[in-house]
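S.K.: Given next are the chains, with one letter for each unit.
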Amino acid sequence: MVRRIICFGVLGVLAVLLMAGTLCIGPVDLDSDMFATVLWKLRVPRLVAAVLAGAALSVSGLSLQTLFRNPLAGPFVLGISNGASFGVALALLAGFSFGNFGVLTAASLGALAVTAVILWIASKFERNSVLLVAGLLIGYFIDALVSLLIAGSDAESLRMYISWGMGSFGRLTPSGIGIFAVAVGVGLLLIVSCLRYLNGARLGDDFARGLGLSVAVQKKCVLLGASILAAAVTAFCGPVAFIGIAVPHLTYLLFRTTNHRVLIPGVMLCGADLTLLAGLFPTIPLNATLSIVGVPVILWVLLRSGREGRL
Amino acid sequence: MTNEVPLLQCKKMEFGYGKVLGAAGVSVAADVVGTSGAVGAAPALAAPLDFTLSVGEVVAVVGANGSGKSTLLKTLAGFVQPLSGTFEIEGVANMPLRERAKKIALVRMGNMVPSRMTAREFVGLGRTPYSNFLDGRLAEDERIVDDALATVGMTAFANRAVAELSDGERSRVYLAEALAQQVQILLLDEPDAFLDVPHSHHLFKMLRTLAAERKMGILVSTHSIEYAEKYCNRMMVIDKNCIQVDTAAEARTHGLLRWTEEEIV
Chain A
1 MVRRIICFGV LGVLAVLLMA GTLCIGPVDL DSDMFATVLW KLRVPRLVAA VLAGAALSVS
61 GLSLQTLFRN PLAGPFVLGI SNGASFGVAL ALLAGFSFGN FGVLTAASLG ALAVTAVILW
121 IASKFERNSV LLVAGLLIGY FIDALVSLLI AGSDAESLRM YISWGMGSFG RLTPSGIGIF
181 AVAVGVGLLL IVSCLRYLNG ARLGDDFARG LGLSVAVQKK CVLLGASILA AAVTAFCGPV
241 AFIGIAVPHL TYLLFRTTNH RVLIPGVMLC GADLTLLAGL FPTIPLNATL SIVGVPVILW
301 VLLRSGREGR L
Chain B
1 MTNEVPLLQC KKMEFGYGKV LGAAGVSVAA DVVGTSGAVG AAPALAAPLD FTLSVGEVVA
61 VVGANGSGKS TLLKTLAGFV QPLSGTFEIE GVANMPLRER AKKIALVRMG NMVPSRMTAR
121 EFVGLGRTPY SNFLDGRLAE DERIVDDALA TVGMTAFANR AVAELSDGER SRVYLAEALA
181 QQVQILLLDE PDAFLDVPHS HHLFKMLRTL AAERKMGILV STHSIEYAEK YCNRMMVIDK
241 NCIQVDTAAE ARTHGLLRWT EEEIV
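Heads up: the sequence lines are chains A and B, in that order. Numbered according to the numbering used here, the first sequence spans residues 1 to 311. Numbered according to the numbering used here, the second sequence spans residues 1 to 265.
In case anyone wonders, no lab produced these hints; they're calculated from the structure. Each hint should be verified, as a subset may be incorrect.
Said to hold, decoys possible - Chain B is nowhere near these chain A residues, computed Cβ spacing over 12 Å in every case: (1) P71; (2) S157; (3) P174; (4) V192; (5) L195; (6) L198; (7) G204; (8) G212; (9) L253; (10) P285; (11) V297.
Stated by the list, open to error - Only some residues are given here: those of chain A computed to face chain B with a beta carbon under 8 Å: (12) R3; (13) D206; (14) G294; (15) P296; (16) W300.
Quick reminder that beta carbons are idealized off the backbone N, C-alpha and C, glycines included.
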C-alpha cells in the first residue's frame with residue numbers, strides 16, 4: 001500500500017514537472033509577446049498529444065498483454081497498429097492532411113478491420129497463441145500492402161508518409177484535441193468496463209468463466225478498446241511503437257501488483273511521463289528518442305528483475 | 001434447514017466434448033464423427049447420469065485416464081454443455097454464470113500458473129463474483145480472503161508469489177481461492193496429483209472437515225482408490241461408458257473396482 005502511494009506520488013510529481021517543462025522550454029521565452037500564441041497554438045497541443053498518446057498506448061499494451069497472457073503482446077504485435085498505418089497511408093495518398101478527421105477515420109477503420117479479422121480467428125480458436133501468430137502475420141501482410149502503396153506514389157506523398165512514420169507530437173492541431181480526447185476516452189471506457197475480466201484472465205478463459213465472467217463479450221470489449229486507443233494514437237502521432245510493450249513491464253516492477261485497478265492508472269501515468277520526456281526534444285524523431293533512450297533502460301530493468309525471478 | 005432441495009442434481013445428463021462453449025459464447029457443435037458414424041453428433045463419454053449430491057458428503061470420482069472424469073467436472077462447472085439432459089444447482093437449471101460462481105467452483109491443479117501474482121492476490125480473485133463494476137474489495141472481502149488462507153494453512157505464504165510456491169503449497173492456494181468464492185459445491189480435479197502421501201491424507205481430511213462444518217457438497221476426482229475408500233462417503237466409478245455410484249465402503253465388494261486390476265490391452 002505504501003509502495004503504491006509512493007509510486008503514484010513520484011510519477012505524479014514527475015508528470016507535473018514534465019508538463020511545466022513542455023509548456024515553458026523552447027525557443028520562445030516566457031516574457032515574449034509571442035508566448036501566448038506559441039503556448040496555445042503549439043505547446044498545449046503538443047502536451048495533450050504526448051499525455052494522451054502515452055496513456056492510451058500503455059493501456060492498450062497492458063490490456064493486450066493480459067488478454068493474451070503474453071508479455072510480448074501489444075498493438076504492433078497483433079497487427080492493429082499496422083492496420084491503422086495502412087489507413088493513414090491511404091488517407092495521406094488520397095490528399096488528406098495530418099490531424100484531419102479523415103485520417104483518424106481511415107486509421108480507425110484500418111485498425112478495426114484488423115481487429116475484426118483477429119476476432120473472427122478468436123471465435124475459431126480458443127488458444128490465444130494462435131491469435132498472436134495470426135496477428136503477426138497480418139501485420140507483415142499489411143506492411144507489404146503499405147510498401148506497394150508507397151512504391152506507386154509521388155515524392156511529396158512519400159516524404160509526408162516517412163515523416164509521419166517517425167512519429168511526432170507536434171502534428172495535433174488545437175481543433176484536433178477534442179476528437180483525439182474523445183477517441184481515447186471511449187477506448188479507455190471500454191477497457192475499464194472489463195476490469196474484472198482483466199484481473200481474472202491470468203489463469204485462462206475457463207478460470208475466468210468459473211469466476212462468473214462472460215468471457216466472450218469481455219474479450220471483444222477489451223480488443224475493441226485496445227484497437228481504438230492504438231488507432232487514435234497512430235492517426236494523430238504516427239506509429240509510436242515502444243510505449244505499448246515496455247510501459248506495462250516497467251509498471252509491474254514499480255507497483256508489484258497484478259490488480260488492474262492499480263495497474264491501469266499506473267501505466268497511464270508511467271506512459272505519459274515517458275512520452276512527455278521524449279516530447280521535450282521536438283527536433284529529434286519521436287520513435288528514435290523513445291527507442292534509443294528507452295530500450296536500454298527497459299532492457300536493464302527487465303534483466304535485473306528476471307534475475308530476481310519477478311518477471 | 002432446507003435440505004429438501006439437493007445441492008446438485010444431474011437428470012439423465014450425458015456429457016462429452018460435443019458442445020464446447022466456443023470463444024464466441026455460443027455452443028458450437030464440434031464436428032466429431034459419432035459412434036453412429038454421423039458427422040456432427042459427438043459421442044457421449046458415458047451413459048445418461050442420474051446423480052444427487054447432498055449436503056455434507058464427499059464423493060470421489062474414479063476411472064481410468066480418458067474415461068471422462070475431468071469432462072464431467074467441467075460440465076458441472078459450466079465450461080462444457082451437457083450433450084443431453086440437465087443438471088440443477090440447488091433446484092435451478094441453467095443458472096446464470098455469475099450466480100453459478102457463488103454456488104459452485106472447480107479447482108484444477110493444472111498447467112497454468114499465474115505469473116507475478118501473490119497468493120493473497122490470487123485468493124482475492126475468488127471474490128470476483130461478489131465485486132462491483134470496478135472490482136473493488138470491501139473489508140468483509142478481505143476478511144473472507146484471510147479466512148480462506150487460514151483454512152488451508154497458507155497465511156504465512158500470503159505475500160509470496162504463487163509461481164514460487166511448491167506444488168503442494170500451490171494446490172492449497174488454489175483450494176483457498178474456491179473457498180473465497182464461498183461456494184456450497186466444490187469440484188476438485190485430481191487435487192492429489194502433485195501431492196506427497198502425508199499432504200494427500202491431509203487434503204482429504206480437510207475436504208471431509210469442509211463438507212461437515214461448512215455444509216458443502218464435494219465431488220473430487222482422483223486416481224487414488226485408497227483415499228477414495230478411506231475418506232469419501234460415496235464413489236462414482238466411470239468405466240467403459242458406464243457410470244455407477246455406490247458407497248465408498250461397498251464399491252469394491254460390489255465389483256465396481258474390478259477394472260483397476262484388468263490387463264491393459
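S.K.: Please check whether the beta-carbon of G212/A is more than 12 Å away from every beta-carbon in chain B.
M.R.: 3 Å, violated
S.K.: Is the claim that L195/A lies outside the interface with chain B correct, judged by CB distances over 12 Å?
M.R.: 5 Å, violated
S.K.: Please settle this one: V297/A was flagged as non-interface, so is its CB more than 12 Å from every CB on chain B?
M.R.: 20 Å, holds
S.K.: Does the CB of G294/A sit less than 8 Å away from some CB of chain B?
M.R.: At 21 Å from the nearest chain B Cβ, G294/A fails the 8 Å test, so the hint is violated.
S.K.: Closest CB-CB distance from L198/A to chain B, is it above 12 Å?
M.R.: The assertion about L198/A is violated, with a minimum of 9 Å to chain B.
S.K.: Next item in the hint list is P296/A. Is there a CB on chain B closer than 8 Å to its CB?
M.R.: 23 Å, violated
S.K.: Is the Cβ of G204/A farther than 12 Å from every Cβ of chain B?
M.R.: 5 Å, violated
S.K.: Are all beta-carbon distances from P174/A to chain B longer than 12 Å?
M.R.: 33 Å, holds
S.K.: For V192/A, is the shortest beta carbon distance to chain B beyond 12 Å?
M.R.: Non-interface label fails for V192/A: nearest chain B Cβ at 8 Å, not farther than 12 Å.
S.K.: According to the definition I'm using, a residue is off the interface if its beta carbon is farther than 12 Å from all beta carbons of the partner; does P71/A meet that for chain B?
M.R.: 8 Å, violated
S.K.: Given R3/A as an interface hint, is its Cβ closer than 8 Å to any Cβ of chain B?
M.R.: 12 Å, violated
S.K.: Just to be careful: measuring from the Cβ of W300/A to every Cβ in chain B, is the smallest value less than 8 Å?
M.R.: Result: violated, 19 Å to nearest chain B Cβ.
Hint compliance for this structure: hints 1, 4, 5, 6, 7, 8, 9, 12, 14, 15, 16 are not met, and every other hint is.
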